[in-house]
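J.: Sequence:
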Amino acid sequence: MPLPSIDWTAQQKAARQRSIAGGGKPGLTRMEQLAGKSGREVLEGMMSGELPYPPMNETMNMWLLGVDIGRAIFQGIPLPQHYNPLGTVHGGWFATLLDSALGCAVQSTLPAGRSYTTAELHVNIVRPASHRTGPLRAIGTVIHGGRQLATAEARVEDEKGQLYAHATATCFVFDVPMA
Numbered sequence: 001m002p003l004p005s006i007d008w009t010a011q012q013k014a015a016r017q018r019s020i021a022g023g024g025k026p027g028l029t030r031m032e033q034l035a036g037k038s039g040r041e042v043l044e045g046m047m048s049g050e051l052p053y054p055p056m057n058e059t060m061n062m063w064l065l066g067v068d069i070g071r072a073i074f075q076g077i078p079l080p081q082h083y084n085p086l087g088t089v090h091g092g093w094f095a096t097l098l099d100s101a102l103g104c105a106v107q108s109t110l111p112a113g114r115s116y117t118t119a120e121l122h123v124n125i126v127r128p129a130s131h132r133t134g135p136l137r138a139i140g141t142v143i144h145g146g147r148q149l150a151t152a153e154a155r156v157e158d159e160k161g162q163l164y165a166h167a168t169a170t171c172f173v174f175d176v177p178m179a
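In full-length UniProt numbering, the protein residues as written are 1 to 179.
Since the hints were derived computationally from the structure, they do not count as laboratory data. Treat the hints with care, since some could be wrong.
Said to hold, decoys possible - Quick list of in silico lysine-lysine cross-link-like pairs, PhoX-like style, CA-CA up to 25 Å:
#, residue 1, residue 2
1, 13, 25
2, 37, 25
3, 160, 13
Just so you know, these numbers come straight off a predicted model, no measurement behind them.
Please construct the entire structure, taking both the sequences and the accompanying hints into account.
T.: Set out below in structure tokens:
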């Protein structure tokens with residue numbers, strides 16, 4: 001699932017525009033919209049605008065760029081509103097970007113009727129970022145996908161391949177309760 005070799009900022013803008021052009025809006029997906037869809041199909045539906053995308057995407061300035069079975073690519077561009085009091089990007093911004101990539105990598109492996117939630121998230125920030133850093137990309141990959149637990153790993157890098165953060169997650173996997 002390599003993305004075309006174009007400017008990362010342009011890719012993020014295109015991902016947002018594609019979702020909105022497809023009718024996508026921020027919001028919560030209704031249970032009837034999820035019926036019969038695999039985790040990957042749900043993610044693809046958000047990317048195409050068929051399904052609502054998470055409202056926090058706009059708040060955090062991050063978007064799902066691509067998904068494949070066991071892999072998800074999120075990208076964000078940090079802005080001054082994401083700063084901590086010391087003038088660099090808050091650790092919560094990194095954690096959100098990473099948790100999104102990790103969780104969606106797990107979600108992409110799930111059949112219809114199954115869901116997940118993050119049980120444990122371990123984040124290591126190895127380099128500070130600011131709005132001058134430009135786009136940062138998190139690629140999440142499933143390490144283990146079991147019936148009740150899944151684990152995944154992700155890295156945040158810039159366009160030059162410089163590492164900013166990395167993380168692992170453990171997710172609970174469960175049946176979606178029927179309404």
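J.: If you draw a straight line from the CA of residue 160 to the CA of residue 13, is it 25 Å or shorter?
T.: 19 Å, holds
J.: Assess, step by step, whether the Cα of residue 13 is no farther than 25 Å from the Cα of residue 25, and give holds or violated.
T.: Status holds; Cα separation ~15 Å.
J.: With a cut-off of 25 Å on the C-alpha distance, tell me whether residue 37 and residue 25 pass.
T.: Roughly 19 Å between the alpha carbons, so the hint for residue 37 and residue 25 holds.
Figure legend: structure checked against the earlier numbered hints; every hint is met.
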